[in-house]
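**Q** In case you want the letters, here they are:
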Amino acid sequence: MAEATRVAVSIIIPSHNRRALLRRVLEALATQDPGTPSFEVIVVADGCRDGTEAMVLGHDAPFPIRLAVCPGVGPSVARNSGVERASADLFLFLDDDVIPTRGLVAAHVAAHLDDPGRAVLGPYPPEPVASPDSFRQNVQRWWTAHFDELARPGHRFSYFDLMTGNLSLSRAIWNEIGGLDPQFARAREDLELGVRLMKRGIRFYYAGSALGWHQEHLTSSPKSVLHRAREEGRSDVLMALKHPDMAPMLRVCRNVRRKGRRPALKFAVLRRTGFLDGAAIAIGQRLIRLIERLGLPSLREAIERPLREYCYFRGAAEALGGGWDDFAATPMPPKSSPDTEIDLTGGIDAAERTLTELRPASVRVLFDGEEMCILPAFPATEPWSGHHLRSALVRHGGWPFAHVLAKRRYGDMATPSQAAIRMIGVSDFVVQLDEARRQWERGHG
Amino acid sequence: MTLAVLDWDIDHLPERLEAQAGEEGAVVLLRIDGKPCGQAVLWHRPEESSLPLRDRLLRAAGSSFWERWLERELGVPHADSAFGQLPSATVVVCTRERPDDLERCLEALSAMTDRAEVMVIDNAPVTDGTRLVVERFSDVRYVLEPRKGLDNARNAALKLAASEVIAFIDDDAVADPLWLRNLLRNFEDPLVMAVGGLTMALTLEAPAQVAFQRLGGFTRGFKHQVYDASTVDPFDAWQAAAGVNLAIRRSVADVIGPFDPALDAGTLSCAGGDTDYCRRILSAGYRIVYDPQALNWHRHRRSMEELRQQIFGYECAFFAILTKALLFEGDLRAIGRTLKWLRHQIPAVLRSLRRCNRGDLPFNVALAQTRGALAGPLRYLRARWRAGHG
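Chains as they are written, first to last, in numbering that gives the first Met the number 0: chain A, 0 to 444; chain B, 0 to 389.
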């Protein structure tokens, strides 16, 4: 036979000088569950100087491995060039520091068999490795919360959920969208892809069993955070220029497009301080480590936050160059009033059906003609649907609704106290202790 | 002043709250569908007492109750840990000469929904009262730990128990039937090394018990939390859990070592063995979960003198731990924490001296705390010397 049998999935892994980790990823792919559909692996070695290419070429695996070599172009271009060598109709993107569990590939394929028109997101929470370092703990908490939120029934998907560390898409969707945008070379390339997918109305699906373990404890460090902040500043500017409607979601727009002279002054300074970047990052890191050792968390935060801000806006200033004033003068997109209204008087089931039918971007929720809350519109976010409603009422300040429900259920005298309502969703220890104290004082001298 | 302590489900309330003689009110644990989710404090007052009981409870209920209630009304599942594969567990009761309390504790443990190995550590006993109580429970294991000190008893349990998790409960506490199960479900995350539960007052029939509860008692709120060293200062690890209601993964001892025998009841340091252990768990990068569904009930001290000693002891133990961290671990964060304490305590003492009315207490809380704090460092050093040479 001249042509090899077509595989079901092409797994694309861009890699940059992580030979040992990449080998572990390849080994985990070799031990997928029996019955896993056939796949090939395309490793894109991007600017590797650690012998990654030789390791890949010499690697003995029960699946075809192809090697593509790039000169250090960043992950978005690397992924695009991986796709060029892919033969299957389904692409699975994995990061070189995400170790797949045994069911990962099969779970992705199964999700596409159910419905081929979706982007399938697999979780890759941090490998549970204990670290006394607060940077690591914050990173771990962020990632864990991110995937917990995706797993929550009633989660409303947005561009922000799309990450390329463990993502599968059909070739048809990839071609329709046009792949990753090479402008976003080092940061936000995934979110920008998410924006375009959302705008095309491509649905997202979270496949919890497509689990990989993110070895972030080996690949991220406080230092890379500052570099990353700079890249994010740069990418946010590019995002705002490419998708003007995303401005409200981008810090650089919210910050620079304020009234007053401060933004202009800020830029005047920032455009001239490029020579300080290296020293600022190096000295800042040492200082943060020292303060951390002394156990002064608020002081550490007070130093780290502006440092991150500085790097972010340095990136933005670089990307804008002479275009800062125009960028700052561009008005923010106007806020729109809710698309539609639903009234819960007829029951929540009926309201859910209405939402699923209308799929509005934003909704004013009423009960008996009285406003309960507004389910807001966000750019590049899936429209509201019936299955979002119940948890959105709990989360989006449906507290007037709690009053209404309690009144209807128990009568006028049995409603939540103002003190209780103010504390809804608050879980700080000291504040809860205060709440208990107020409960004791209530109705007692 | 005394109050009734009640445990009610919002859907199964009695008609009215019967006021017993001498009671000024009631503290009610509120449940929804059997799950503890909040409390209400009711006072017997003419303008309130005319209202139906349910209305009074709902108006007094805290935010955690309403969060859970709205979720139920809307059919939104509560974000709790699931009951997956639970780890094996040994329930450990460390005790010393409290046979009546211990008997009540063991009765509640044997009435739990889940069967578990129960171990009683009899710490440096004077009489054989404890052994006689344990003999009445056929499936409870009796262990004698002759070295005095609660942390010695806890370490004996660490050594002898074979299960994955050790659940500590105080001898003067009473477990809810689902107490153990709700502690254990939180161990699925391998970084969770300890789980604390909700402890309510068993009775509020003595003014000292009411006073302790009003000062905060063992209240940690009614909301599920996952703590790590960046969400709670390890020196404040008591916010996450306390020994009255604490499960630990036994393997954590391989990483951070045993409990400190120079701390807690039976030593000059008075208390703090649990807080110190939780501090070390957090400092090593692990997590502690607080799960209010894991409920037990604690009999608070009945006399004001005991309460004063308890308040003295907590502060003494806190400074014992700061001393330990600074001198024996070289942890400079203890200095920052001491300064923070001073910033809070100096104004508190001044306020308390200006105020003539001390509420229901016959002693000055802020002064008792300050005395404890001042005694802490030296007491710890002496306790440590004794533990090393005893």
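These are calculated hints, taken from the structure and not from any lab test. Warning: the hint list may mix true and false statements.
To be verified - From the structure, some residues in chain A lie toward chain B, with a derived Cβ separation under 10 Å:
1. Glu356
2. Pro359
3. Phe400
Claimed, not checked - From the structure, some residues in chain B lie toward chain A, with a derived Cβ separation under 7 Å:
4. Leu69
5. Arg71
6. Leu349
To be verified - Far from chain B, some chain A residues (derived; all Cβ distances over 12 Å):
7. Asp49
8. Ala144
9. Gln182
10. Glu291
11. Arg304
12. Thr355
13. Pro375
14. Ala376
15. His402
16. Arg408
17. Ala413
18. Ser416
19. Ile423
As the structure is a computational prediction, the values presented were derived from the model and not from experiment. All residues carry an ideal CB built from backbone N, CA and C; glycine is no exception.
**Q** For every hint, state whether the structure bears it out.
**A** Against the structure, the hints:
1. At about 20 Å, the closest approach between the beta carbon of Glu356/A and any beta carbon in chain B exceeds 10 Å, and the interface hint on this residue is violated.
2. The criterion of a C-beta within 10 Å of any C-beta in chain B is not met by Pro359/A, whose closest approach is roughly 20 Å, and the hint is violated.
3. Given the 10 Å rule on beta carbons, the hint for Phe400/A holds: about 8 Å separates it from the nearest Cβ of chain B.
4. The criterion of a C-beta within 7 Å of any C-beta in chain A is met by Leu69/B, whose closest approach is roughly 5 Å, and the hint holds.
5. Because the closest C-beta pair between Arg71/B and chain A is about 10 Å apart, greater than 7 Å, the hint is violated.
6. Violation of the interface hint for Leu349/B is found here, the shortest Cβ-Cβ separation to chain A being roughly 21 Å, above the 7 Å cut-off.
7. The beta carbon of Asp49/A sits about 29 Å from the closest Cβ of chain B, which is more than 12 Å, so the claim that it is off the interface holds.
8. With a least CB separation of 10 Å from chain B, Ala144/A falls inside the 12 Å interface cut-off, contrary to its annotation.
9. Distance to chain B confirms Gln182/A as a non-interface residue, since its nearest Cβ pair spans about 35 Å, more than 12 Å.
10. Distance check on Glu291/A: its Cβ comes as close as 9 Å (rounded) to a Cβ of chain B, failing to clear the 12 Å threshold; non-interface status is violated.
11. At the 12 Å boundary, the C-beta of Arg304/A stays outside the reach of chain B, the nearest C-beta of that chain being 14 Å off.
12. The non-interface label for Thr355/A is consistent with chain B: the shortest C-beta to C-beta separation is roughly 16 Å, beyond 12 Å.
13. No beta-carbon of chain B comes within 12 Å of the beta-carbon of Pro375/A; the shortest separation is about 19 Å.
14. At roughly 22 Å, the least C-beta separation between Ala376/A and chain B is larger than 12 Å, which holds for a residue marked as non-interface.
15. Against the 12 Å criterion, His402/A falls within the reach of chain B, whose nearest CB is about 10 Å from its own CB.
16. Listed as outside the interface, Arg408/A is inconsistent with that label: its C-beta sits roughly 8 Å from the nearest C-beta of chain B, within the 12 Å cut-off.
17. Taking the minimum C-beta to C-beta distance to chain B, about 4 Å, the non-interface status of Ala413/A is violated against the 12 Å cut.
18. With a cut of 12 Å on Cβ distances, Ser416/A falls inside the contact zone with chain B, its closest approach being about 6 Å.
19. Annotated as non-interface, Ile423/A brings its C-beta within 12 Å of a C-beta of chain B; the closest such distance is 5 Å.
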